[in-house]
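Residue numbers for the sequence shown follow this note's numbering, so the first one is 1 and each next one is one higher.
Just so you know, these hints were derived from the structure itself, not from any lab. A few of these clues could be false.
[What the hints assert, rightly or not] DSS-like mimics (lysine-lysine), calculated; alpha carbons at most 27 Å apart, straight line:
hint	residue 1	residue 2
1	K60	K140
2	K140	K9
3	K121	K43
4	K121	K9
5	K131	K9
6	K106	K9
7	K43	K9
8	K43	K131
9	K121	K131
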Amino acid sequence: MQEVTTEKKEFTPNIVAFCCNWCSYAGADLAGSSRLNYPANVKIIRVPCSCRVNPMFVLKAFQQGADGVILCGCHPGDCHYVTGNYYTRRRMALLFSFLNYMGIEKDRTRVEWVSAAEGAKFSAVMNDFVKTVTELGENKRLTDLRVKEGK
Numbered sequence: 001m002q003e004v005t006t007e008k009k010e011f012t013p014n015i016v017a018f019c020c021n022w023c024s025y026a027g028a029d030l031a032g033s034s035r036l037n038y039p040a041n042v043k044i045i046r047v048p049c050s051c052r053v054n055p056m057f058v059l060k061a062f063q064q065g066a067d068g069v070i071l072c073g074c075h076p077g078d079c080h081y082v083t084g085n086y087y088t089r090r091r092m093a094l095l096f097s098f099l100n101y102m103g104i105e106k107d108r109t110r111v112e113w114v115s116a117a118e119g120a121k122f123s124a125v126m127n128d129f130v131k132t133v134t135e136l137g138e139n140k141r142l143t144d145l146r147v148k149e150g151k
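Produce the complete structure using the sequences and hints provided.
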């Protein structure tokens, strides 16, 4: 009789991080130059300002196979474009309620304010977010099945 082994591959989530050029991206750079670790499965997309992230970008990231999406920007009041992060906060609040309506777990998305001098915070936030999304498992709600077939 042959034994059936059920090896389960450890789930590694695909994370998309939209980072503002002036603060969060510089915080990621500081984390790297300070040799602070955060998971390699975090794919950073550099944007001029957090307010330039259209909610459709988040939906598209989920559709293209992201298991979690995080948006990082300057602290409120410290935006290089003066009010950009206030617009971000309002847009993302609306997006999160829409995602909730669609059945996407709220922990799959997050907004964080990380300055250029907070490399340790950037690393900690990314590690925590990846851990949270890993516990949630694979995103199956918005994923386009045609994307998964190519893997």
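Hints versus structure:
Our distance criterion of 27 Å between C-alpha atoms is met by K60 and K140, whose separation comes to about 14 Å. Distance hint between K140 and K9 is fulfilled; the C-alpha atoms sit about 17 Å from each other, no more than 27 Å. Distance hint between K121 and K43 is fulfilled; the C-alpha atoms sit about 17 Å from each other, no more than 27 Å. A distance of roughly 30 Å separates the Cα atoms of K121 and K9; the hinted pair therefore is violated under the 27 Å criterion.
Under the criterion of a C-alpha separation no larger than 27 Å, the hint pairing K131 with K9 is consistent with the structure, at around 16 Å. For the proposed pair K106 and K9, the alpha carbon gap of about 25 Å is at most 27 Å, so the pair holds. Of the pairs offered as hints, the one joining K43 and K9 holds, with about 21 Å between alpha carbons and a cut-off of 27 Å not exceeded. For the hint linking K43 to K131, the alpha-carbon distance of about 15 Å falls within 27 Å, and the restraint holds.
Of the pairs offered as hints, the one joining K121 and K131 holds, with about 15 Å between alpha carbons and a cut-off of 27 Å not exceeded.
In summary, the structure is inconsistent with hint 4 from the numbered list given earlier, while agreeing with all the others.
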